[in-house]
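Participant: Single-letter residue listing:
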Amino acid sequence: MGCLYGYFMKQKQPESSNQLESQQKESKEIDQNEQAEISNNSSQETYKRWQMDCNKFKYDLIKLNKDSYFYVLLFVNIQFYHYQRDIITKEVNQYEVDGFLYKTEYDEDFNPKYILQEGRFLINLQRGTFELNGEGVEFLGKSKFRKHEGKFQNGRFISKQQNIIISQNENQPRKINNQKKIIIKDAATGLQINKQQQQNRYQRNHNQDVWCKYNQTFSNNDLNILKNKGWMTSSIIDGYVLYLNFESEKQYFQLQETERKNVQRVLFLPSSLTTNFGKNFTYDKVRKLLEQELLQYSQMNLSIQLIYKKVGIPINQNNFHWYFLLIEFDTKVEIFDSTQNSITISGHADKLIKTLQEVLQIKCKTIVNSKESGKQRNDYSCGYHVCNYMKFVQQAQFNNNNRRYDYQENKIIQILQELIDKQTK
Amino acid sequence: MSIKEIPIILVCKQKEKTYNVQVNIESSIEDLIIELHPLLQPGNQQQIVLHFGNMILNSKKQFKDYNIVKGSIIDIIIYTHGGIFLN
Numbered sequence: 001m002g003c004l005y006g007y008f009m010k011q012k013q014p015e016s017s018n019q020l021e022s023q024q025k026e027s028k029e030i031d032q033n034e035q036a037e038i039s040n041n042s043s044q045e046t047y048k049r050w051q052m053d054c055n056k057f058k059y060d061l062i063k064l065n066k067d068s069y070f071y072v073l074l075f076v077n078i079q080f081y082h083y084q085r086d087i088i089t090k091e092v093n094q095y096e097v098d099g100f101l102y103k104t105e106y107d108e109d110f111n112p113k114y115i116l117q118e119g120r121f122l123i124n125l126q127r128g129t130f131e132l133n134g135e136g137v138e139f140l141g142k143s144k145f146r147k148h149e150g151k152f153q154n155g156r157f158i159s160k161q162q163n164i165i166i167s168q169n170e171n172q173p174r175k176i177n178n179q180k181k182i183i184i185k186d187a188a189t190g191l192q193i194n195k196q197q198q199q200n201r202y203q204r205n206h207n208q209d210v211w212c213k214y215n216q217t218f219s220n221n222d223l224n225i226l227k228n229k230g231w232m233t234s235s236i237i238d239g240y241v242l243y244l245n246f247e248s249e250k251q252y253f254q255l256q257e258t259e260r261k262n263v264q265r266v267l268f269l270p271s272s273l274t275t276n277f278g279k280n281f282t283y284d285k286v287r288k289l290l291e292q293e294l295l296q297y298s299q300m301n302l303s304i305q306l307i308y309k310k311v312g313i314p315i316n317q318n319n320f321h322w323y324f325l326l327i328e329f330d331t332k333v334e335i336f337d338s339t340q341n342s343i344t345i346s347g348h349a350d351k352l353i354k355t356l357q358e359v360l361q362i363k364c365k366t367i368v369n370s371k372e373s374g375k376q377r378n379d380y381s382c383g384y385h386v387c388n389y390m391k392f393v394q395q396a397q398f399n400n401n402n403r404r405y406d407y408q409e410n411k412i413i414q415i416l417q418e419l420i421d422k423q424t425k
Numbered sequence: 001m002s003i004k005e006i007p008i009i010l011v012c013k014q015k016e017k018t019y020n021v022q023v024n025i026e027s028s029i030e031d032l033i034i035e036l037h038p039l040l041q042p043g044n045q046q047q048i049v050l051h052f053g054n055m056i057l058n059s060k061k062q063f064k065d066y067n068i069v070k071g072s073i074i075d076i077i078i079y080t081h082g083g084i085f086l087n
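These protein sequence lines map, in sequence, to chains X and F. Read left to right, the first sequence gives residues 1 to 425 (full-length UniProt numbering). Read left to right, the second sequence gives residues 1 to 87 (full-length UniProt numbering).
Next comes chain X alone, as it looks inside the complex:
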């Protein structure tokens, strides 16, 4: 405003009406150019301040390949995609920015709740608050389905709710109705396929104690598997994957910027991803499932190599064996298989690796077997070996890979027991 005021003060007074018109036209042109320049300078200044504040409060700001948004701001449980333009400073450390927010909140049992919102945000970098203000969209969980569209205030939807389910007689005592029918029809044939069961209902022990932790369902059966060294289940492995990602992010953002640059970040993906590929998977199916799993990276066209250096995936082979893939972007794929049989020979991993490379647009020069493979000497422990190796890979991010690998079965069992036990918070 100071510059504009100075500019207008310097203008001469017009002497005739023609002169006035021509001077007004000229003045308007100069005004527009200057305003654009001022706005450009001011936006650059604001962006510099934004960058400095991001740095000051330990956020990672990564420039993208202009797929959709230009930048992504990263912090613990937060991914915020935005442009350089239209950033306005409100108060100290507070900004108004257009963008797309992926936020994960965890309950006391570490079950995630995903908050996906797009619109104009009021952001306080110091407090780590990202609140949608004004017109915006909120999505349903981690999906592309729109939950709310309209006006938001301080992150809350304030427009009139649509498509709400109205429960009748909400103030009446609830009747317990055990006769609620569930009708299941095959989408391909349109025929009801659970008719027989309703006449002869499948009986099951309803009293089994189940609980949800780390986005998995657990029961005493899982604790007994660990206690008796039974075959490892995907719920335990995938719960551990969530835990490792959660801990990695927390540890990473506790580091100083210079230290963070040296960390080769690893993203662990759950085994359910590759299990869902099925036996005869295609490129399209893998792409679709990966897009769903990595929805928070869809704004950057799944270019996760801009954030992570490695991706780790525990894999279930035909419901009888666990092994682990560690994809190092543009370098190599390492296969960790606790048995002496090489998975590469079996061909199970080959097609998977090839398809994953195509979908993630990466080229790994070699496929190697981990030197820590082949240490299993019994008929139950491949899942424990995979968990132990994932722990080693997670820790290697922060200790420059200078620790020796050691398989400690009892220790990993203890870690997993504490992790899934409903009593442990």
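DSSO-like mimics (lysine-lysine), calculated; alpha carbons at most 30 angstroms apart, straight line:
(1) X:185 to F:60
(2) F:70 to X:160
(3) F:64 to X:113
(4) X:103 to X:58
(5) F:70 to X:144
(6) X:151 to F:70
(7) X:56 to X:103
(8) F:60 to X:195
(9) X:113 to F:17
(10) F:17 to X:285
(11) X:250 to X:144
Here are the computed distance ranges between Cβ atoms for each label pair:
(12) F:67 to X:358: 28 to 38 angstroms
(13) X:288 to F:71: 18 to 28 angstroms
(14) F:7 to X:51: 41 to 51 angstroms
(15) F:71 to X:258: 44 to 54 angstroms
(16) F:73 to X:320: 29 to 39 angstroms
(17) F:64 to X:47: 42 to 52 angstroms
Honestly, the hints are just simulated from the structure, not real lab data. The beta-carbon is built from N, C-alpha and C at its ideal position, and this holds for glycine as well.
Take the given structure of chain X and dock chain F to it, following the hints.
Facilitator: The following block gives chain F in isolation, referenced to the frame of chain X:
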């Protein structure tokens, strides 16, 4: 169909199956899992779990607890396991 009964879609990607299902929003998640058992026939140690928007559905809760509405798509996950048999 009462107002509490809604059509939803169940997808089992692993088995490439899609089901159109009519449920009462006050039914428990477990009720549906019980109905799915004979259809999907998981093994002894396997378990059927339902996910909605990548969030696990607690079997003890009801559909209405998760804001599940008409046309919602729910993923069926069959948990796997492994140990390996050595010759």
